[in-house]
Amino acid sequence: MTTALLLCCALAAQDTTFAETESGAHTLEYLKTPDGCVLEIGGMDFLSDGRLVVSTRRGQVWIVDDPLGEDFENAKVTLFHEGLWEGLGLSVVDDEIHVLQRGELSKLVDSNGDGRCDVVETVASDWGLSGHYHEFAFGLPRDSRGDWWMGLNVSFGDPEWWHGRSTVPYRGWILRVSPDGTVTPWASGVRSPNGIALDSKDRLFVTDNQGDWIASSPIYHIVEGGFYGHPKSLNWTEEYRASGKLAHDEIPPARAATGRTAPAIWIPYKWSRSTGNLLEDRTGSFGIPKGQFVVAELTNGMLLRAGFEEVQGQLQGWVLPLRQEIGSVNRVLQAPDGTVFCGLTNRGWGGKPPADGLVRVRSTRAETMEFGGMTLLDFDEETETFGFELTFSHPVHADWSASAESVKMISYDYDYWWEYGSPERHTQTLELEAVELSEDRKTLVVRSFDIYPATCVRIALEGVTAESGAPLLHPEISYTINQLPSGAPTNAYVAKMVPPPPSKGDVDAGVLRLSWGDALGQFESTGWELCDAALDAADATKFATGPGNGALVNVGPKASDFVTRGSFGDAHLHAEFMLPKGGRSAVQVADLGRIELTDDAATCGSFGDLPPSAEAYTAAGEWCELDVYYRLAKDDAPAFLDRVVLNGTAIHEGVEVSGTGGARGPVRFLGTEGAVALRNIQVKPLDRPADAGGWEFLNAAETWDDWELMGDCTFDLENEELVGKGALGWLWAPIDELGDVTVRARVKINANGAGALIVRAADGDDGVDGYAVRVNASFPDGALTGSVRAGSDGPAASVASELIAADTWVDLEVDVRDGDGGTTVTVSLNGVVVNEMVDPEGRSPGGIALRCDHDGTVFKVQNIRLRR
Amino acid sequence: MLSDRRLAAAFAGALLVPLALPSSPSTPASASPSVVDEKAIYMEHCAQCHGETGDGKGTTDLERPARSFLDGGYSYGNTRKAVLRSVVHGIPGTPMPAFAETLNGEQLQAVADYVIALGPPGTIVRPGDSVMEVGEQPVVVQGMMPAYREGGFREPRSVVVGFPNGTTFQYRKQDARLIAVRQGDFLDRKDWGGRGGQALKPLGALTWSTNDAYERANDVVDAKTGEALTRRITGTRIEGDSVWLSFDLAGPDGPDGSVSSLGGGHEIIRFVMVDDVPVAVRAIVAVSGTRDVRMRPIGSDGFATLVGTVDTKGTTGFFDVRAVSDGVFAVEQPDLPGLRFFVHASAWSDRLSTALIRSLIEND
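Chains as they are written, first to last, in the numbering used here: chain A, 1021 to 1888; chain B, 2 to 365.
This is chain B alone, in the form it adopts within the complex (with noise of 0.2 Å):
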């Protein structure tokens, strides 16, 4: 790949932007109004052992003593679920039976509750909004992503890039691969309730995601040998406008079983506008001192058609584009197979390749 550093950030990328789908109001479940003396219940299947104020000193003779609920905290956590848990399944290795068969859904929940309230007011951990929002600059967030399509994988090392005008660009950290693109709202931290843990909830639509013929444009490879080199996501930095994504590189395993450093590059995500849209171009490009890869060839084997070219009248000479995949540019000049753009447009038009060579010479 090209080791130069000014070049690569001279480009940014253009999406073609859907509108975001407005996702549909979820309903609420609906309550009855409650018949169920929660009280009564308490006292004839709990208190016993908790005793009747809930202050652990029931007349039952355990072998450890029940928990006093006036001090809050409970085995499970603090929140009504694991109570109800509690209740419904009983905790393993203690005295605390079951009252999954005993007692009837409502019941369950409503001596959770009335465990509950025995306690301190504030026991029960109501999570913030945990919606994160993108400002005026790009956001970068790590977390586990569920799966984008139906079948798939959730994707516990990722990597989700978030830019002021309602793009997402979710990443896989391990193989620095870029999976899923969206529009609209950013993400709900979904890990921020109960005890954490949880993929995060992207709240824009999926506008792309990758598939087979864009994996191979995207490939780095051994420039002699031609095999693919793995890369790993190393770094992220917020650079004004722009998002830089680090990546390292490695070849195959050796005979020991060790992978052998190559150096590495970066991902550079901006947006370019066309017609007042913003177009997200992608540069893929090697730290200096990187030597012998390349970006895998797509003009020879014919799998990406030329649709194009940008002419920079001399500047930084011709550039070929093809298509990669629906929604999916590669762009690169034929001798410089090292470097190579990916705009993400739904076609290629005159006015988007002229946005690019202003692009071009504007940061060159």
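Excised from the complex, chain A in its bound form (with noise of 0.2 Å):
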């Protein structure tokens, strides 16, 4: 054996051939599965006999003979377990086998010999499954500790199917298993972290897949306290918990602003879209440098190759394709000889066929022609740029030569927003300064003005063969540049905060309509009235009005500003207006200056000395749409406009408010210099006011038997949430006692239906008695989402205005507190306080109940906390 192996070496040392196809340079074999024997294989390792021991999503785990033997097609396979709840991790300790099912990791034990598991012991469970079907745990590698590593997988909802929740704890983490069961959250932030390796440092490797929040399949370098960017893991962190706040589906952490840890590489959409789990080669037996890292990808069906180096304490690193046409690899493992063996799976996710199966992969000692790896380069004085080596296996064929033809180098970035994916993003051919072959041929420098961090360059080379005349054939290499070597390191992220797009799926949600209903409800304001307006024909410089509820118009004589009565943060305020000719207003959100309005092009839209960006403004007597996304200051972040639009067309970017105090402050249309119509105003906060801490979380799925049902409605607990049905009833939380508190919770009423939020709940005559606070977009009484009322006969005080869409989550927040006058009701809708009442006698202390209206109503109601 010995023998034949030098023997074998020392001819390929004479005469070195070269394989020109990624077959040549690895072969596959696929295991012939018996009947009834499906292998979608979630965790593979080795018993001490050589035996490869593999855990399917399918809960069984299978025993394979003689791995390593020449008849690999026809090995032996065996059952040794099943009825597990899938098996997405496989540890063997001790030739002892461990399996990460769902809830739990387990020892399985052949007790009697048999060959077949008989006992199934309880390592660790402390995680939460609410039996959402996304909820995979992803496992199991173990480093030089003891410890498991592994990773739990949000569940999916609202508002579209794909976006990540995380309802139960530690959803969305990284966690660590010591041997005793102990179960340690590590890190945060990840969506599906299927992959999960160590390296023979400990360092500790996961990979993520695209998503919302994700831009593209990262590789993480995961740190104890780490935060990799999905927001909604961060509800179970020491500080979401106390302040008894969520992660918003759609508005980013204040976290992510430069708390997240970079992956240490993006790995380029095109290929990967669903990442397995990686494996450092320790054997250099793989036809790839030893120390280089070998990872899988389910669908386009391949092994990728990845390198990582250590870059102002960040890592980062560079992929590239290996070898394709295998099937959805799902996880590798490595024997000592080298040889590389795939579980495939792809059920449900998708992927390249075969869509399941164990293959082996070996190299074929064939030399060839590939990249031997890539480093950054630091500064060099003197073409005063940054730069990239780039080494081949073999010298480069003589004729070839370095230029801008055959060396294309470009660089991008991402967008961080809730949307699934992010395009590549400033997308820029790299002009090269510099770029020299060595005098071997062996190593290739490339030096540019134009390489940053935070961005990602792709090199693709283009005619290079070796003396042979075999072609590199990998020719295309990505890089992830989180750091430059040198120079002050950066904040910035390959994935950047962006404002968040449209919501596609609850257009809405989180919106405050403010002029809607009772028009000027939501306004402090005189001289303005609800009319319809055009352009005077005898006079266009101003306005004929008319009975009608299409525009709001300052039309009397001393009129006023128009300006909110609530107060806003972070938002995104909508707008419409229109001006007669020559006509002048402005608009201003909090403390952050003035947009002007004008009927004309050139300085309609005007933010300071600041010219709009583009003519967007139509003509005298039209309706025009405008749009502010906006940042106030907070610590030392200076305010923002993120984005001004006016119909359609960005007239500001980015644009950086210096010396603002940071104030939550209304919105102010200014109405004193002349006619202006406005419609259709709204505002959707972007971000929620900082708390202390103190949250309760009512957690209806744990006590559900206690909650009590009264009168002639349903409540039904789905999902995590309470879905309440008219007619008139209540449901009562099994809490009591409640003086000043307060309560919040996500609600959300159909178009026919009315409700509400119930807090000092006590039995009263009729019914249920306490502070209602309605959520009703129905009942025609005027007293729409927001009002509230004390008893059946105490005080009342009604929002008219229709802020909340039907259909539409709303976050509310309920406040009672007694003071010196009686007890104050404040009710917030997302946020944002909307009203308030004093009831001078005040009510004992009660519950919460929630109580549906009427006949037709659907009610729903998720995530109840309160603050004593």
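Don't take each hint at face value.
Facing chain A, according to a computed beta carbon distance under 10 Å, are these residues of chain B, among others [to be verified]:
no.: 1; residue: P66
no.: 2; residue: Q143
no.: 3; residue: Y149
no.: 4; residue: R150
no.: 5; residue: G152
no.: 6; residue: F154
no.: 7; residue: D192
Because the hints were derived from the structure by calculation, they are not lab data. The C-beta atom is built at its ideal place from N, Cα and C for all residues, glycine as well.
Two chains, each in its own frame: build the complex with the hints.
Shown next, in the form of structure tokens:
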């Protein structure tokens, strides 16, 4: 055996044969499985006698005899166990098989030696399972200290099916499991962390799948406490738990600006759409340099190759294809002789066939012309550039010369947002300042002025061959630059925060429709009227008005500004305006200065000294649409006008506004300098007020048996969501004696429905008394969502504006507080105070109840939290 | 509870087996003959981006190239339903539009099937036969069970034990409680389809489900304070014809939110034969070293009626038999308040008593 091997190597050295195709470099052998054995592989490891154990998504564990033997295709496959709930990770410790199920890490024991498992012991299970179908648990590498590592998929849901959610603990986290079963949440912000691996230095790498907040498929280097970008996992941080806040679907969390840990590598979309796990080649016998990484890829059905380097304390690196046409590779495992076993599966996920099975991939030991690797070079004083060094496995053919034609280099970055993935943004071709092939023709150095941190660079070489004529097998390589080797480290990320795209699922979600229904009710103003308006035919500098509800116009002689009663923080303002000939108005959001509205395309939309970047104003007498996305100053960050859009054209983007205080403030339309007409004024808050901790989560799923129903409605609990259906009736929460309290819930009412959240609820004459805060999209009593009434005969304060569209989730907050003048009830919608009522008599402490008002009502409530 | 594994192993149980009702066969939806020209629809609506042959090289200039169908692999997964979903709803964040408004239901499915047919054969995963059967030995399964009653909850952490005689026990793992008993075929692993994660489908008929009275009789309490302790299933073991469920025991939350571990025990499920009918007996017993815990007393407050005794003629003494819930009897010795057997039978009878005695003596 040894002799033969030596002979083989000697021959190779004498006469270098080149593989010119992938199949010439790596062979594929597919295991034939017996009837009824479908290997949808989620985990693999070796027993000490060399047998290979695989766990499958069907919850089975199979053992493959002699996997390195000559006749792999016919290797014996035996069922060791079945009946688990998936097995997306497997680890053999001292010949004991450990499998990661959805709900637990289990040890499988064959206690009577008959070859089948008969004892299943729970090692760890301290994480949540809501029952959502997408709550996968991935694993299961084990480090040199004996700790296991695993990751939990977020579940999906609102507003789109693919939007991540984290309704139970540690969804979207990477966890450490100690040998005694203790589970420690380690890092957050992952979405679908399918691939988890440790390298020889115990560094932990995790792959994720593109989706909301995840621009493409990344490889993270996991550090303790790291946050990798998907916001929903933050629900389980101390900070969020204490504040009662929940991470928002569409608004980036505060921590995203500078508190993310950047992925070490972004794999280009064209190479990976669903990444599996990875391994470090520790043998040097797989046809790639020892120490490089092999990455599993499902959708494109291949293996990728990657390498990492540390730059200014952060890992980053390169990636490129290695071996294609394998099948949907979900797991890779390397044998001591260098062989890589690929476990396939793609059921429900999509990917290249075969959809399942076990593949043995081996190097043919033929030479190949490949990149050796890629290194980011430091600043060069002479050319004043950064650059890259690319190495080759063999000298490049003497005929090849490096030029702008043969070396193509592009850079790009991504958007960090809630949309599904991100296109490559700001793509540009990098001009080469210097390009030099070394004397031995094995190293290529490229330099450019345009190499920046927080970008990705792809280099494609054309026409490169070895001296033998063998082509460069994979001529394109991608590098993720988190940091440059010198200079001040950057705070920027490859995936950059951008204004959220318009919501597609529920266009009105989070919006307060200030001028709907009672059009004047949400504004402080004098001299404004609801009427129809058009240019006066006789005098185009004026409006002719008539009865109607088409416009809000400052027709009065001493008209004031038109100012919202509510104060807003970061927000998206939408308004439509119309000016007469020569007309002039302005809009001011909080303390950010004025956006001028003028009947002049060159100046309309000016912000301070900054003219609009495009002429988007149309004409006097025509309605114009204005959208302003803005952020207030906070901590060290200045205020920003993120984007101002006039009639669909962006006229300002990313304008930093210095010298502002950061206080929330109203939206003010100038009404004192001539006629202006307004309509459809909406504000979508893009933040939530900060607050202190002390929130309790009213977990209906845990206490459902203690909730009490009264009257003629029904309430069901569906996926952590309370769903009430009319007629008149109440649902009592199992809680009591609430005095001063703030209650929060996410609620939604249908177009035919009305209901209420009742705080300090108590038995009353006609049902349930208390402070009832209305959630009403239908009942024509002038008390719409946000209205409050004390008992059946106490004081009431109505909101007549249709602030919230029907069938739209709204974050409702009710604060009840006793004071000298009685009890004050304050109602906020989407973080904005919209109503306040003082009850001079006050009411005794009580509980919490939900009410359906009438037939046809569908009242949905999520996440009831309270703070006493 | 009694700390004696040997004694606990002595008991097997009685379930007077009702006949499983045959479930009514489902009627497949009638398919009407297709008059849809799927290729024409594809050429009109899809080809400009995905190419006439489906190679992803259409004439429209896109930010991101359209998918080539020739290789297989679809955004939402390789199932007919998933491809249909892409066609109906579009793919957010990509130029792929939704066709729900443009095409009718039949056209949507036809074009989805056309797209699938463009790909390589075998791209669509057809879940294998996912019905699990119980053979010669009991089978223990983990997974999510659907709600056993209307208005109830799915149970994501279920342990389901199936016996060769067609009896299935459904436990909740996080509190080690028996939730339901069924009779008939075992389970359909519905989570073998799609992306997985679906609830298991029990194939047997429900013959018993838990209620308040049973829950009280099933409580393990602190012997001094009478407070209920929490139990979790920590392991399962198939031992011959019986199945052991191990559980741990923890005291109520301390002031710092901690729980104190108090040891643990086993719930052992066996069958005894009564007139050739298998009757399930479940013994609950502590592991050695577990102290100061006992089963909640059930005789004193009158909620469970004494219906008989089991006299083992001096071998192990007298056992009281109480009806704790429809179809379940609790059997215990007055001076051994830690050990309790639950016998699943529709009525108590002398024959049952005799069979139990035989089982006790044989196994003692």
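Going down the list of hints, with the structure as the test:
Contact between P66/B and chain A, as hinted, is supported at the beta carbon level, the nearest pair being about 8 Å apart and thus within 10 Å. At about 5 Å, the closest approach between the beta carbon of Q143/B and any beta carbon in chain A falls short of 10 Å, and the interface hint on this residue holds. Of the supplied interface hints, the one on Y149/B is violated, with its beta-carbon coming no nearer than about 14 Å to a beta-carbon of chain A, more than 10 Å. Hint status for R150/B: violated, given a least beta-carbon distance of 12 Å to chain A, over 10 Å.
With 10 Å as the threshold, the beta carbon of G152/B comes within range of chain A, its nearest partner Cβ sitting at about 6 Å, so the hint holds. For the restraint placing F154/B at the interface with chain A, the shortest Cβ-Cβ distance is roughly 7 Å, inside the 10 Å limit, so the hint holds. Interface restraint check for D192/B: the shortest CB-CB distance to chain A comes to about 7 Å, inside 10 Å, so the restraint holds.
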